[in-house]
Structures are given as C-alpha cells and as structure tokens.
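Q: Okay, here's what each chain looks like letter by letter:
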Amino acid sequence: MPVRRLNFTGRKRISRDYVQLSVTSNGAGYELRARFDLQHYSFPAKARIHLEAYKRTSFQRFDFGTISKQLIPTDMALSSFSSPQGMKYRLKIVDAEKNRGRILGEVDNLKAVIAEDVDGAEESLLPVEPSHELGHELYRLEFGTNEIHLLVNAELANWQEVIKGHFFSTLVFPNLLRQVLLHILRFEEHRVIDDPTDWRSQWLKFAIEKLRARPIPDDGNLDDDHVWVDECVKSFCQEHRILSRFNQAWGDG
Amino acid sequence: MLLKRFTQEGLEAFNEFLSDLNVNNCATKPADLLSSIEFSVQLPERKEIHPRRFITRYELAEYLVEEVGIDSIPDLEHDSLLWSWLANLFFDWLCPASPSGERIPRQRARLVYSSEGKFLFRHLVAGPVFVYLAHRDNPSRVIPLLSDPVHQTGKLYIEITDRHNLLRSPGVVEAAGRLYFDSEKQAIRPGVRSKAPGKIIRFATVLFQFDATWDLQSLSSEQVIELLPTEFDQYKDLAKNEQPASMFK
Numbered sequence: 001m002p003v004r005r006l007n008f009t010g011r012k013r014i015s016r017d018y019v020q021l022s023v024t025s026n027g028a029g030y031e032l033r034a035r036f037d038l039q040h041y042s043f044p045a046k047a048r049i050h051l052e053a054y055k056r057t058s059f060q061r062f063d064f065g066t067i068s069k070q071l072i073p074t075d076m077a078l079s080s081f082s083s084p085q086g087m088k089y090r091l092k093i094v095d096a097e098k099n100r101g102r103i104l105g106e107v108d109n110l111k112a113v114i115a116e117d118v119d120g121a122e123e124s125l126l127p128v129e130p131s132h133e134l135g136h137e138l139y140r141l142e143f144g145t146n147e148i149h150l151l152v153n154a155e156l157a158n159w160q161e162v163i164k165g166h167f168f169s170t171l172v173f174p175n176l177l178r179q180v181l182l183h184i185l186r187f188e189e190h191r192v193i194d195d196p197t198d199w200r201s202q203w204l205k206f207a208i209e210k211l212r213a214r215p216i217p218d219d220g221n222l223d224d225d226h227v228w229v230d231e232c233v234k235s236f237c238q239e240h241r242i243l244s245r246f247n248q249a250w251g252d253g
Numbered sequence: 254m255l256l257k258r259f260t261q262e263g264l265e266a267f268n269e270f271l272s273d274l275n276v277n278n279c280a281t282k283p284a285d286l287l288s289s290i291e292f293s294v295q296l297p298e299r300k301e302i303h304p305r306r307f308i309t310r311y312e313l314a315e316y317l318v319e320e321v322g323i324d325s326i327p328d329l330e331h332d333s334l335l336w337s338w339l340a341n342l343f344f345d346w347l348c349p350a351s352p353s354g355e356r357i358p359r360q361r362a363r364l365v366y367s368s369e370g371k372f373l374f375r376h377l378v379a380g381p382v383f384v385y386l387a388h389r390d391n392p393s394r395v396i397p398l399l400s401d402p403v404h405q406t407g408k409l410y411i412e413i414t415d416r417h418n419l420l421r422s423p424g425v426v427e428a429a430g431r432l433y434f435d436s437e438k439q440a441i442r443p444g445v446r447s448k449a450p451g452k453i454i455r456f457a458t459v460l461f462q463f464d465a466t467w468d469l470q471s472l473s474s475e476q477v478i479e480l481l482p483t484e485f486d487q488y489k490d491l492a493k494n495e496q497p498a499s500m501f502k
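Heads up: the sequence lines are chains A and B, in that order. In terms of the numbering used here, the first sequence has 158 at position 158, counting the first letter as 1, and numbering is strictly consecutive. If you count the second sequence from 1, you need to add 253 to reach the numbering used here.
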C-alpha cells in the first residue's frame, strides 16, 4: 500500500525532474552546475533559491537569487569537498517577505551527474572512499542511514589503481554484490524498486535490469532470498567473465 | 616539533595503553609513541606544532587552525591516525591526572578518532576543530559551544553537534550563545543543562523540528530567538542584553 505523506506546512515538493545538476573538473577541484525549472509552482517572485550540497559533515550552500531574478553564483567550486562521489543536494525555495525564512518548496536527496573527466565519474552504485580507520583490513562496506560506501584502506599503496585492477575486481566485487543484496533483503527488508533516490532500490533495479534477475522474492523466506542473490551473483560473474579475467591476470603474473 | 600521524602500529599501541589505563588508572603512557618511527610518521605537509596547555576547547581549535594550519591537510574527516596522534600529544590535558596520579580515560572515542556518526564530534581534538571550521567566517560565534576545558564536552556542544543542521546555521549557533552563555563571566549560565522547558535540550529539540519548516541557514539569531515559544521567555530576556557573536570574545 502506498504511504501517504501528510503535509501541514504548505510546503511544496519540487519534482526532481525540474532540477539538473552536474559536476565537472575545473583543474583545481570540482565545480557544480545547476539548472532549475520552477515555473510550474507559482512561488512568489521574491522568494529566494538556495542549493545546498552536503556529505556527512561537509556542507556548502549556493544562492541563486530569486524566482523572478535568478542568478548564477560567480563561484560554484565545491571547495568543501574532497570528492564529488556520494554527495547529495537539496534545493530550497524560501520566503523573503511575509514569513521570512519559511520554506515554500523543497526537494532533497538530489544527485549530480558527474562529468567524464572527473575521477570516478561513472555513476557508481558504490561510492568509494579512502579511510585511515581500517587497521589491516583492505576494505569494508559501510552501510549508512541513506547511503552505502566502500571504504578502502588509504594506506594501501596506489589504492585507486588497485581497486580498478583485475585481482581486486574479480576477487572482491562478486562478494560485495552478494553482501549488499543480502543486506537489502534481510536486514533492511526492502524489496521494491520504486524510489530512484533510494540506494536500496537502485541496487535491486540494477539486479533486475542489468543482471536480468527474476522478480524479487516477496515472502521473506531466507532460502528463497539466498537463491535469488546467488543467481544475481552468478549472472554478474558471467556478464563480467570473472573466472577468465582472473585466470588471465594470474597468468600474466 | 613537526606534526605527525600514527602508523597502524602506533594506533594499536595507543589503544593498548588506553585499555591498560582502564584497568590500572596509574598506567604510564609509552614515551616513544610520539617519537619512534615505528609508531609515528611525519606528514608530507611539514607543519610545526608546539604542545602547550589550553584553557578552553576554543583556544585549542583556534591554535590548530590558525597557527598550525591543520585545515590544509586533505581528508581530515577520515584521518583517524592524525587525530589520535594529536590526542596522544595533548594527552596530559585531555586526560588529566588526579592528585594521586590516577587518570580516567572514559569513552574511547574521546581519544581514538572515529568518523562514524556522532563519534566524529566526540573526539576531544577533532570535534572542536570541526566546529571551529564550520564557522570559519566568524569563529568567535562558537566560543559558547567551545567554552569548556579541553577535557570536557559541554551540554550545549553535545546538543548542537548531535544535529548537524543546527551546527551549520550561524543564526542558531549565535542564538544558542546569546540565550545560554554569560559573556561577562565567559561561562554557560547555571541551571540550563537540564531537560526542563526552555533549557538547552529543549532548544535543540524545538529547532530540530523547525528545520522542516524554516530555512534555519538564512535566519539571524534574532529571528531564531523570535521563533522560540514562551517556555524560552526567561532566556529570551537575558539574550536581549547579549549582543551577537562579536561580544563573545
């Protein structure tokens, strides 16, 4: 049954279809580009437009002027962030007159398209972050409230190259896929793909569409879930010729 | 001396010492944790640091940012080895000894850094620095949050940093200072730490709820205070006599 959301505040939910965000490299770091189409919402002319970028404790806010007079900030550098991976955005329309500071419209959990020349540009289901907290572990999956990350040991020599290499991808990725899908089904008890902003839906959609998995089991049976996940992993390994690639890498020394 | 970070072995040795200290409150910290190349490595950035006693958490944060330049080090949020080394460097003040020589380390996250959830701000060195950096445009705004001695974490600090959206708002942080910090005495007002109406916990709870309706980022401290319900009237009256942030110094 769909969940009805009650809104007593009069705040309008802006459709993410009307917001386009992208991140490019500017040589020194990353720069944000944004376009909005807000004409469908009848916001007051003097209402202010704010775009917030955030990831964990890092935060940056950009002022885009008003509804009637939109401006592009002169500085769109994402200077507070070391990587665009895993970043989210929130667009707010804020009353500047009668109830100054009141939110008139909002959309949250937006993601930006990352340009090809930016490191890690492929839209990744699994953002990678270096970590100094792993001790002697090489990597660890981290499940957050609204996100998932692959932490890689920052002390691992050339870690960016290591994770792109054949040994890491063939030995680790199938297991990561299994861990993530089981976590979604068994721990999160999430079995739908209806919310494109939800990482759990994104992974299940990946399994259905890219791995051509059969429909997700819906009865919560442990054995059924394991069988379904095994089929997904098998399909992934076939698709990416995991055994052949490993043998070739091993043979190449 | 030059700023360093632990090696994995150094972090393990520090953790072992803290475990020993939990059992034997008079345990002695290994002297070579800071100096031995097995336990500590210099940063490529080569920054000078001179450990000394700081009266408040604000002074510690100000020193690390403005004099040491710690914010130029990349990926601070994930650098457990750096922050834990710094906790080791300042250990005598972060975990002071009683007259009988006993030290009580308390929660490990206060000394060994973790970037998970709220533990990030619980670290006695990293927490104040992150708060300071969040208000780099006007650092004196966070003096009330960081007014405690370096080995203590005050209630105002905990309630604001547990809710990142409040910490990010200049108006909220300033309002918290005007309501609950006595600028003449340079201390948190007495009696504000309880769960009673109008006190710090209620302030954070009420504003956290307001965040769904109000753009807290764009509100001045005056506007934030005006939003508060009547349970806060006692402190609103006191806040009228306090000027915005610049008076906190």
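The hints are simulated quantities; they were obtained by calculation from the structure and are not laboratory data. Quantities reported herein were computed from a predicted structural model and do not represent experimental measurements. Each residue gets a CB set at the ideal place from its N, CA and C atoms; glycine is no exception. A hint or two may mislead.
Mimicking SDA-like on lysine to any residue, the simulated pairs with C-alpha atoms at most 25 Å apart in a straight line are [unchecked claim]:
{"no.": "1", "chain 1": "A", "residue 1": "LYS164", "chain 2": "A", "residue 2": "ASP195"}
{"no.": "2", "chain 1": "A", "residue 1": "LYS88", "chain 2": "B", "residue 2": "ALA465"}
{"no.": "3", "chain 1": "A", "residue 1": "LYS111", "chain 2": "B", "residue 2": "GLU315"}
Far from chain A, some chain B residues (derived; all Cβ distances over 12 Å) [to be verified]:
{"no.": "4", "residue": "ARG258"}
{"no.": "5", "residue": "THR260"}
{"no.": "6", "residue": "ARG306"}
{"no.": "7", "residue": "TRP336"}
{"no.": "8", "residue": "ASP345"}
{"no.": "9", "residue": "ALA350"}
{"no.": "10", "residue": "ARG363"}
{"no.": "11", "residue": "LEU480"}
Q: Sort out whether B:ALA465 lies within 25 Å of A:LYS88, counting only the CA atoms.
A: holds, 17 Å
Q: Minimum C-beta separation from B:THR260 to chain A exceeding 12 Å: can you confirm that?
A: violated, 9 Å
Q: So is B:ARG306 really clear of chain A, every C-beta pair being over 12 Å apart?
A: For B:ARG306, whose nearest Cβ neighbour in chain A is about 28 Å away, the distance exceeds 12 Å, so it holds.
Q: Regarding the assertion that B:TRP336 does not contact chain A, is the least Cβ-Cβ distance greater than 12 Å?
A: violated, 9 Å
Q: Does A:LYS111 pair with B:GLU315 here, judged by a C-alpha cut-off of 25 Å?
A: violated, 34 Å
Q: Is the Cβ of B:ALA350 farther than 12 Å from every Cβ of chain A?
A: Holds: least Cβ distance 29 Å, greater than 12 Å.
Q: Should the label of B:ARG363 as a non-interface residue stand, given a Cβ cut-off of 12 Å to chain A?
A: The assertion about B:ARG363 holds, with a minimum of 16 Å to chain A.
Q: Grab the minimum beta-carbon distance between B:LEU480 and chain A and tell me whether it stays above 12 Å.
A: violated, 8 Å
Q: Say whether it holds or is violated: B:ASP345 keeps its Cβ farther than 12 Å from all Cβ of chain A.
A: For B:ASP345, whose nearest Cβ neighbour in chain A is about 24 Å away, the distance exceeds 12 Å, so it holds.
Q: Given the proposed pairing of A:LYS164 with A:ASP195, does the C-alpha separation stay at or below 25 Å?
A: Not OK: A:LYS164 and A:ASP195 at ~29 Å, beyond 25 Å, violated.
Q: With d taken as the least Cβ-Cβ distance between B:ARG258 and chain A, does d exceed 12 Å?
A: violated, 8 Å
Consistency with the previously given hints fails for numbers 1, 3, 4, 5, 7, 11, ordered from lowest to highest.
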